[in-house]
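Participant: Listed below are the residues making up each chain.
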Amino acid sequence: MSAAPRIADAPVIETRNATRILPLEIPVTLVRDINITIPAGEFASISGPSGSGKSSLLYLLGLLDRPTEGTVLLEGLDTAGMSEAEIAHLRLAKLGFVFQFHFLLPEFTILGNVMIPMRRIGRWSDAEALDRASELLASLGLADQAAKRPDQLSGGQRQRVAIARALANDPLVILADEPTGNLDSKNGRAVFDIFRRLVDEQGRTVLTVTHDQTLADLTDRSIQIVDGRIVGDQGR
Amino acid sequence: MQLLLDIAATHLRGRVRQTVISIAGVATGVGFFIAMSALMEGSQRDLVDKIIDTSPHVLVKDEFRTPPLQPAARLYGRGAVDLDGLKPKEELRGIRNPRARLAAIRRIDGVRAAPLLRGQVVMRHGGKDMTAALIGIEPDSYRKVSDLAGDMIEGELDHLETATNAVILGDGLARRLGLGVGDTFSVISPAGILLQMTAVGRFHSGIISADDSEAYTLLKKSQIVQGRPNVINQIRLRVEDVNAAGDIARRIERQHGYQAVSWDEANAQILDVFIVRNTIMYTVVSAILIVAGFGIFNIISTVTHEKARDIAILKSLGFEEQDIRRIFLAQGLAVGTVGGLVGWAFGYGLCHILATVRFEIGWVSEMSHLPLYWGYPPYAIAAVFALLSAGLAAYLPARKAARLNPVDIIRGAA
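Each protein sequence line maps, in turn, to chains A and B. One point on numbering: in our numbering, the residue at position 159 of the first sequence is 165, and numbering is uninterrupted. One point on numbering: in our numbering, the residue at position 375 of the second sequence is 737, and numbering is uninterrupted.
No lab work stands behind these hints, which were simulated from the structure alone. Note that the structure is a prediction, hence the values are computed from the model and not measured. Wrong hints could be hidden among the right ones.
Under the rule of at most 20 Å between Cα atoms (straight-line distance), these lysine to aspartate or glutamate pairs were calculated in the EDC-like manner [unchecked claim]:
hint, chain 1, residue 1, chain 2, residue 2
1, A, K154, B, D368
2, B, K412, B, E668
3, B, K423, B, E627
4, B, K412, B, E523
5, B, K762, A, D218
6, B, K412, B, D574
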């Protein structure tokens, strides 16, 4: 499996003075003046205390939310002027999400869940999608779980299914929001090992939010955020 | 699209009981709608057919819609002259120049016409007096514009010509007078002429007003009794296309000046009642379907709330608002479609049950069973109604669900 083709040299994700303010009666600033660049093939983490805005930043980077000021570029493409439908299609084709909760559809089998993004994008025939999904599950050690439903799996297994689903459309970047938040340290460590493999062996880009500094230390780059502002950004 | 339908199906499968109840709601609405419209439409058509069969399609009378201007008024018009004590010129009653007019009317395509002289008389038999309408006809031409020959229950239409002073009476009239075929009785007209006439037959048309108060004789005899030789005062028409009767009536009225009333104008009151009746029925039955719509609204709203997390994840995966809307719209339409199909079967069954009900109503006409309409339009209308209400009921929660912001849910869950 190869990573999606990219525009040469353009960073996978780039923000320019991205600010997100919730327009409540007393406006709440989630993040302010964020300028970061995530190059291809990087394994980066965003960490910070709870309420610091690390998840909000990830939602901006993952085009789930839109900045009130500034802009987010995906592969050098400015997303500011895009319609909701265009943004949705970018998420479908270029981004893969893993959340703290697995968010699998309970009525579908494991295989069915992994196939949902593939069926939506319609890039593959049903038979091809089935093959791809089986392959993905096998590569994550879930080959024998394919026919089960999400509630028959352990938390660690479900999170691996969620990773398989995130990989379904061969995304440009995997965005993970506290993917280990609901797992014990062994399973949490396993998730990070998978991310590491995706980066090292397949050249993928992974950006993960975590509040666990020991896990953050496993990544190549650690971005720290406090009160919605970046306070530290160390590569290693 | 297949994927969206799969997701929609899982939602309905997850709420089997509610889904079944929603379907039952739609089916009930559709079923009753079909049965009610079959009944309403059936009785309406039955009555209209009877009206068309028994009453003249167009009746030309020796009357004018607006009285003709009196000579004085014609002469001075709207001038500032006021004439007091003017006696209006007496018009001779009856259709003038009847033979030429009759010939002209008969030249219209698809029209058959017969001359009549209709007048009130008093019939006296065995000490009983009854007012009746004595209608003078020419049997040969009248046969072509009316079903009188077929309505005879005793005697023949031709007996009018074979016996002297022969009369055919409505069976109700004959009964009230105590007359049997062969009996002789007195007929007295407003002109003061008395004639001994003989009953040669009875008819039963099913229209009670006719059966109780009408009698037929030869045109010549009627003219004698009324003291109006060679006069006719009505021309009765039968037209091939009953829907064109109104146009033909207007054309005749324009050409000849005499009032020409088509069957639908003559029965406008009854037809108006149908409009009111249909409005009431469609209101009531639509209410059932609207209530069924509430049921659908309810289930879809519940599902959208329950599945808010799924909606959020689908949107984060890159599903568009439109996709989410379609998922829930499909559920509503599925309930509407299945409910509609079950309702069709239910309505068809109800019609069969209604068809077995038999009873007697002695209203305008007699019925021995409920007249039902078996055509497809009630089914089509009910289906369209069901799908529309289901679609609308699903659209509102679907739209709300589609607008859901995934970040809100993901934040809330975390």
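Participant: Take the hints in turn and mark each one as holding or not.
Facilitator: Hint check results:
About 17 Å separates the Cα atoms of K154/A and D368/B, which keeps this hinted pair within 20 Å; it holds. At most 20 Å may separate the alpha-carbon atoms for a hinted pair to count; K412/B and E668/B exceed this at roughly 58 Å. With a C-alpha separation of about 14 Å, the suggested pair K423/B and E627/B falls inside the 20 Å cut-off, and the hint holds. Using a Cα cut-off of 20 Å, the hinted pair K412/B and E523/B is violated, with the two alpha carbons roughly 28 Å apart.
For the hint linking K762/B to D218/A, the alpha-carbon distance of about 37 Å lies beyond 20 Å, and the restraint is violated. With a C-alpha separation of about 17 Å, the suggested pairing of K412/B with D574/B holds against the 20 Å cut-off.
Figure legend: structure checked against the earlier numbered hints; hints not met, in rising order: 2, 4, 5.
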